[in-house]
Amino acid sequence: MYFIQKNKQYIQTMQLASLARVFEKTTKTRSKSQTVAAKKKKAPYDSTPYASHFIPLLDMEMEAEQEQVKERLKWSRQRLERQGLALFELNAQLDGALYGQGVAKLYSYKKLPYHRLTQGDWVLCVRGKESIRGTLLERHSKYLRIVVGEEWMAGKDWTVYQISNTVAFERSKNAVEELITMAQQSDHEISQIIVKSFAKEIIEDGNIQKEPKGGWNDYHTCSSYLVQLVTSQGRQGTLDELCRSRIFPQSPSEWQKIRQDENDWNESQQTAWKNALERRLTLIQGPPGTGKTKTLAKILASLVQLGRTPILASAYTHIATDNILDELERYNIPAIRIGKPANIHRNLWKYSLDSLLERDTRIIEKRENLKKAMERLAQPKRGKAIGLAHRDYSKSLGQLKQTEMIATKEILDKYPIVLSTCVGAGEEILKNISFQVVAIDEATQSHEPGLLIPIIKGCEQLILAGDHYQLPPTILNPEAAESGLSVSLFERLVRSGVEPYLLRTQYRMHPSIAAFPSQYFYHGLLHSAPCTQSISNYFPWPNPQTPIAFIPVLGEEWVTEQGTSYCNPQESQVVIETISQIVENWMTAQNSNHTLQQSFPTIGIITPYAGQMRDIMDRMDRETSTEWLSYVEVKTVDGFQGREKDIIIISTVRSNPSQSLGFLQDWRRLNVAITRSRSGLIVIGNANTLSRNDHWKRWLEWISHHGCIYTR
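Numbering that gives the first Met the number 0 puts the first residue of the sequence shown at 0, with every later residue one more than the last.
Derived by calculation from the structure, the hints in this document are not laboratory data. Incorrect hints may appear among the rest.
As the list claims (entries may be wrong) - In the BS3-like style, the derived pairs of lysine-lysine whose C-alpha atoms are separated by at most 30 Å in a straight line are:
(1) Lys128 to Lys73
(2) Lys339 to Lys273
(3) Lys155 to Lys195
(4) Lys634 to Lys73
(5) Lys155 to Lys104
With the hints as extra help, turn the sequences into a complete structure.
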């Protein structure tokens with residue numbers, strides 16, 4: 000038994016050493032390439048305020064991410080498991096292929112422990128000195144399916160680590176430099192507007208909007224920085240005036256061609272749609288549930304009808320990019336999705352470039368030739384036959400790559416809309432394509448340099464859709480965040496005086512749930528459509544007309560074992576009891592009315608801390624019937640942005656004598672958390688602690704006034 004334990008410790012040490020070697024190798028390679036790039040490009044950019052501000056911030060953030068990885072290499076197996084950053088002692092076997100890329104199944108004979116791995120994550124699979132990079136394709140309770148390319152995986156004792164993607168940093172830095180080149184050496188107005196309007200005073204921490212206060216049209220709070228801009232084409236004016244000018248005015252006949260189905264659109268959506276078709280640069284602000292992505296898809300479809308193509312449609316995340324494509328399906332407009340199929344929703348694989356290449360008869364033929372060449376190479380040979388077999392293989396491989404390049408160009412030329420993530424827009428296959436229009440959804444989730452990656456791909460016309468009243472970009476380095484890296488381009492333009500088109504009708508939430516966010520965050524301008532959700536009947540709401548409940552819990556917050564997060568066991572237990580109550584009430588309703596069978600409501604549990612998320616999931620596994628678990632999802636606030644559920648349960652966690660709130664102090668987190676539910680919102684917490692924050696205090700006063708305090 001002692002030998003087995005010591006052997007496992009040795010294996011773990013070897014795995015971590017292998018992970019460290021891979022990390023050090025990539026870091027050294029990256030540092031060397033950065034040094035070469037810096038020597039080549041230093042002179043043109045150092046004197047530019049835009050680059051001299053953002054490039055050091057990107058370096059600081061990348062260094063913070065590298066330090067985080069280095070620190071985790073020192074962690075014990077137990078700590079990595081508790082944090083959900085690694086899975087140990089998995090068995091591996093090949094499990095088919097995805098568009099020519101091998102897929103490995105890593106499994107356990109029992110349920111996998113808690114982990115944070117999700118579809119699309121970059122992972123490193125390690126066994127001893129072996130290390131294989133891959134992309135997580137599918138997550139199951141007992142196994143993972145990982146795309147590993149041409150690598151071979153089999154056997155026992157594999158460990159899977161979550162790793163970071165450093166490509167985004169390199170592409171962001173290159174995009175900053177390319178944007179400046181475009182602004183200095185061409186008539187590219189979008190790049191000139193972005194670069195010349197930059198003033199670091201607007202985005203530094205002291206000038207960032209801290210609260211949702213002031214009138215809705217109060218956009219010129221930073222008017223002292225609104226200098227007169229002059230483009231290379233001789234146009235001048237304030238930033239808002241340059242963005243508002245009608246660069247592409249539509250004739251009556253063109254409007255007639257694209258006006259259709261207007262009854263399906265509310266007035267604010269139509270206003271945003273009409274202006275986005277004509278303006279050089281358009282901002283569309285979409286509060287929760289207002290159909291922002293649907294509106295953007297309609298704009299893209301109309302641009303295709305007007306012949307303003309090709310179009311590059313992007314978003315910060317793969318999920319958001321897929322959502323655009325999902326909305327575009329209704330218009331029957333050809334669109335192609337760039338990216339690894341493992342990162343794309345399986346229902347949309349048919350639109351992926353890999354899928355289209357897989358069906359190309361020329362590529363099928365060349366792959367068959369390569370397969371035969373590999374078989375001949377594997378056969379025993381002597382003398383010249385060995386060299387001939389190698390040359391035959393190299394020739395077949397070269398022909399396949401050439402054919403794939405030709406086919407890729409032909410395919411991309413056929414499609415008026417190309418979709419990719421912002422980072423994916425930097426792929427080599429898009430290098431020589433100039434897009435007339437660039438549209439970016441969820442534009443407030445990315446830092447400004449990240450949004451530049453698609454913008455430098457031509458972009459005569461730019462459309463940004465987002466909501467700077469929801470979560471900002473996530474930045475690890477506090478100094479970089481305070482210096483403005485946590486401010487999106489969307490927010491900077493708003494703070495510089497560019498007025499966004501506000502979508503004013505929400506379709507997600509019951510009107511009572513939407514009332515406080517509209518009043519407090521959106522100045523009463525967010526209205527509920529008549530067809531919004533009914534009240535969920537599976538919870539005893541204190542006010543039967545208002546599906547909101549605050550459950551007071553005077554629990555005690557605990558710092559987790561590693562000292563990196565918080566949990567509140569009393570709140571966790573109340574979460575489990577609340578789920579059980581919903582299940583029981585649903586079953587009672589089903590049994591009492593056999594003629595009206597309703598599906599079980601989807602439930603989302605939101606908490607600001609990973610430690611609480613882990614505690615709730617552990618209790619669910621122990622105390623909740625497994626048949627209901629598929630209807631319940633537990634995420635942090637960040638993980639639920641852009642998502643919705645029938646019922647949302649929020650565990651606020653913080654409960655302490657000093658009444659410290661940590662993450663909860665950000666009003667944007669409160670806005671996101673309470674706007675995810677369709678028909679029921681339940682918040683669990685310590686009112687004494689929460690009320691120390693002005694935003695939470697306002698919410699508690701609102702629910703108290705409306706009789707929504709739940710007494711157990």
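Hint-by-hint comparison with the structure:
no.	hint	in the structure
1	Lys128 to Lys73	holds, 18 Å
2	Lys339 to Lys273	violated, 34 Å
3	Lys155 to Lys195	violated, 57 Å
4	Lys634 to Lys73	holds, 27 Å
5	Lys155 to Lys104	holds, 12 Å
This entry does not satisfy hints 2 and 3, going by the numbered hints stated previously.
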